[in-house]
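With my numbering applied, the sequence shown covers 1 to 451.
Just so you know, these hints were derived from the structure itself, not from any lab.
By construction, the Cβ of each residue, glycine as well, lies at the ideal position given by its N, Cα and C atoms.
A few of these clues could be false.
Have a look at the derived ranges for each label pair, beta carbon to beta carbon [claimed, not checked]: (1) Gln33 to Pro302: 21 to 29 Å; (2) Gly203 to Pro22: 32 to 40 Å; (3) Lys235 to Pro73: 42 to 50 Å; (4) Ala197 to Lys356: 37 to 45 Å; (5) Thr6 to Gln33: 32 to 40 Å.
Using 20 Å as the maximum straight-line C-alpha spacing, the simulated SDA-like pairs for lysine to any residue come out as follows [claimed, not checked]: (6) Lys311 to Ala225; (7) Lys200 to Leu145; (8) Lys10 to Arg105; (9) Lys51 to Asp272; (10) Lys235 to Arg299; (11) Lys271 to Lys451; (12) Lys437 to Gly350; (13) Lys51 to Lys235; (14) Lys85 to Thr54; (15) Lys435 to Cys318; (16) Lys200 to Ala232; (17) Lys32 to Ala342; (18) Lys348 to Glu364; (19) Lys85 to Tyr341; (20) Lys356 to Met338; (21) Lys348 to Lys235; (22) Lys438 to Ala401; (23) Lys311 to Ala127; (24) Lys186 to Asp151; (25) Lys235 to Thr194; (26) Lys200 to Phe233; (27) Lys311 to Thr54; (28) Lys438 to Ser394; (29) Lys437 to Gly49; (30) Lys348 to Pro333; (31) Lys136 to Gly350; (32) Lys263 to Leu310.
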Amino acid sequence: MTIQLTDLGKAVLETEYAVRGPIVARAAELEKQGREIIYCNIGNPQSLGQKALTWNRQILALCEYPELMTQAPGAFPADVVETAKAILGGTRHGLGAYSESRGVRFIREAVAEFILERDHIGVDPDAIFLTDGASKGVQTILRLLISGPQDGIMVPIPQYPLYSATITLYDGRMVPYYLDEANGWKLSHTMLETSLAQAKAQGTHVKAICVINPGNPTGAVLDEANIEMIIAFAKEHGLSILADEVYQENIYLAGDEFTSFAKVLHQMDVKDVSLFSFHSCSKGFLGECGVRGGYFEYRNVPDDVAAQILKLQSVSLCANLAGQTATYAMVRPPKPGMPSYAQYAAEKGGILDTLKQRAILLAEGLNRVEGISCNVIAGAMYAFPSITLPAGRSDFDYAMALLEQTGICVVPGSGFGQAEGTAHFRTTILPPTEKIKKVVQALGDFHRTYK
């Protein structure tokens with residue numbers, strides 16, 4: 001007898017991931033029928049035309065096929081060749097062999113130097129784990145923290161569905177705390193206390209708080225005072241912190257800057273709050289989603305708990321070596337004066353400048369449509385506009401009708417969570433500028449006639 005749906009676990013059946021849900025499945029069907037689809041549902045830059053950085057791909061090419069260094073002498077810049085040789089030396093056996101479970105130590109040391117240069121704080125390479133994208137790291141730490149169905153994890157609303165899906169899959173409880181849309185999606189101490197109190201009243205043992213900075217899907221950027229408040233809140237209530245910082249390079253407003261939780265934790269000299277920080281090659285200006293590279297770093301974690309993290313990682317043996325290599329390329333870019341620097345700087349600057357222009361274009365365009373309101377996109381890769389809907393219609397209905405009529409694929413706000421009585425959708429800022437203009441025009445025309 002074949003396996004039946006009734007044979008599956010309750011947690012599996014209840015897990016949902018809206019970013020690749022039924023609307024995206026319908027988009028794929030329409031595309032097979034010959035319809036042009038503009039995929040605005042997921043932060044997948046290279047699928048929407050963003051070019052890979054030459055620095056990254058040249059290093060990957062030489063590490064994957066070292067013979068190119070002798071078969072094509074002079075075809076690659078000297079700094080690329082030197083970097084590839086260093087990585088291969090660090091792996092000892094090349095990219096086709098397993099590394100240690102934490103990841104190649106040579107690459108973890110480079111990550112530690114990256115954090116030191118960014119935050120001016122000490123870093124232990126053994127507290128760094130290289131992962132298949134940031135998602136795998138988040139899943140590892142949530143698996144570590146959730147010990148039973150009474151355990152809760154505080155998650156921002158709106159949130160990235162990785163969190164709600166993983167918490168459900170691990171049979172935990174998601175504890176929502178609401179971001180203030182009217183105030184640029186900021187969070188407040190009062191909101192956090194209210195959320196925590198409600199969870200405790202329902203018998204939830206709250207273990208940790210997740211923070212996404214810059215925000216997905218909101219694009220909001222936390223300032224240092226906000227981060228201090230969150231750390232103090234975690235300290236007061238005995239919570240761990242999961243800091244999702246994969247969009248740290250995507251800051252668009254003058255005066256805003258990325259500040260890491262690790263830096264502020266160090267400045268506050270807090271020793272009794274465990275912090276897990278995540279970064280990825282998939283976002284920023286790299287957009288290497290398919291390579292699956294990333295890392296997490298932990299602080300204030302006792303040795304016996306750290307041993308359990310290592311055990312969990314060992315079950316999967318190690319992160320893929322191409323992703324580990326891409327992580328090295330991310331944290332060790334060419335420096336001024338090196339042969340590859342000028343091209344790298346031009347490519348990086350071009351991508352970030354274009355994303356900034358698209359963020360402005362999209363938000364301003366949406367705000368010109370009556371019934372759509374979009375906050376300034378301060379960071380990350382998304383807009384999360386609120387929409388006014390006809391009576392009896394949901395944001396899912398809206399997103400499906402938008403797809404059917406225009407070929408534009410967005411994600412309904414209900415997939416990310418939203419305040420009761422509101423409706424939203426999430427769209428990326430990643431399509432080429434001409435397509436962004438088309439998206440804005442088509443969205444406006446659609447919204448004005450939607451019934």
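Comparing the hints with the structure gives:
For the pair Gln33 and Pro302, the beta carbons lie near 56 Å from each other, so the given range of 21 to 29 Å is not met. Restraint check, Gly203 to Pro22: a C-beta distance of roughly 33 Å satisfies the suggested window 32 to 40 Å. A beta carbon spacing of about 57 Å between Lys235 and Pro73 contradicts the range 42 to 50 Å that was offered as a hint. At roughly 39 Å, the beta carbons of Ala197 and Lys356 sit within the given window of 37 to 45 Å.
The hinted range of 32 to 40 Å is satisfied by Thr6 and Gln33, whose Cβ atoms lie roughly 33 Å apart. Between Lys311 and Ala225, the direct Cα distance comes to roughly 36 Å. Violation of the 20 Å bound is thereby established for this hinted pair. Among the hinted pairs, Lys200 with Leu145 is consistent with the structure: their alpha-carbon atoms are about 17 Å apart, no more than 20 Å. Restraint check for Lys10 and Arg105: not satisfied, since their Cα atoms lie roughly 39 Å apart, outside the 20 Å limit.
Only pairs whose Cα atoms come within 20 Å are accepted, and Lys51 paired with Asp272 is rejected, the gap being roughly 43 Å. For the suggested pair Lys235 and Arg299, the alpha carbons sit about 14 Å apart, so the restraint of at most 20 Å is met. A threshold of 20 Å between alpha carbons decides the hint, and for Lys271 with Lys451 the separation of about 55 Å lies outside it, so the pair is violated. Restraint check for Lys437 and Gly350: satisfied, since their Cα atoms lie roughly 19 Å apart, inside the 20 Å limit.
With a C-alpha separation of about 43 Å, the suggested pairing of Lys51 with Lys235 is violated against the 20 Å cut-off. In summary, the hint linking Lys85 to Thr54 is supported, as the alpha carbons are separated by about 17 Å, within the 20 Å threshold. The straight-line distance between the Cα atoms of Lys435 and Cys318 is roughly 39 Å, outside the 20 Å bound, and the hint therefore fails. Between Lys200 and Ala232 the alpha-carbon distance is near 19 Å, which keeps this suggested pair within the 20 Å criterion.
Restraint check for Lys32 and Ala342: not satisfied, since their Cα atoms lie roughly 42 Å apart, outside the 20 Å limit. A C-alpha spacing of about 25 Å is found between Lys348 and Glu364, which places the hinted pair above 20 Å, so the restraint is violated. A distance of roughly 18 Å separates the Cα atoms of Lys85 and Tyr341; the hinted pair therefore holds under the 20 Å criterion. Between Lys356 and Met338, the direct Cα distance comes to roughly 27 Å. Violation of the 20 Å bound is thereby established for this hinted pair.
For the hint linking Lys348 to Lys235, the alpha-carbon distance of about 38 Å lies beyond 20 Å, and the restraint is violated. Straight-line distance between C-alpha atoms of Lys438 and Ala401 comes to about 17 Å, which keeps the hinted pair within the 20 Å bound. Note on Lys311 and Ala127: the hinted pairing holds, with a Cα-Cα distance of about 14 Å set against a maximum of 20 Å. The suggested pairing of Lys186 with Asp151 is violated, with an alpha-carbon distance near 26 Å, which exceeds 20 Å.
Restraint check for Lys235 and Thr194: the C-alpha separation of about 16 Å stays at or below 20 Å, so the hint holds. This hinted pair checks out: Lys200 and Phe233 have alpha carbons roughly 15 Å apart, not beyond 20 Å. With a C-alpha separation of about 36 Å, the suggested pairing of Lys311 with Thr54 is violated against the 20 Å cut-off. Annotation: proposed proximity of Lys438 to Ser394 is violated, straight-line Cα distance about 24 Å (limit 20 Å).
For the proposed pair Lys437 and Gly49, the alpha carbon gap of about 15 Å is at most 20 Å, so the pair holds. The hinted pair formed by Lys348 and Pro333 meets the criterion: a straight-line CA distance of about 11 Å does not exceed 20 Å. Restraint check: the Cα-Cα separation between Lys136 and Gly350 comes to about 30 Å, which exceeds 20 Å; the hinted pair is violated. Between the alpha carbons of Lys263 and Leu310 the distance comes to roughly 24 Å, so the proposed pair goes past 20 Å and is violated.
The structure does not agree with the numbered hints 1, 3, 6, 8, 9, 11, 13, 15, 17, 18, 20, 21, 24, 27, 28, 31, 32 stated previously, though it agrees with the rest.
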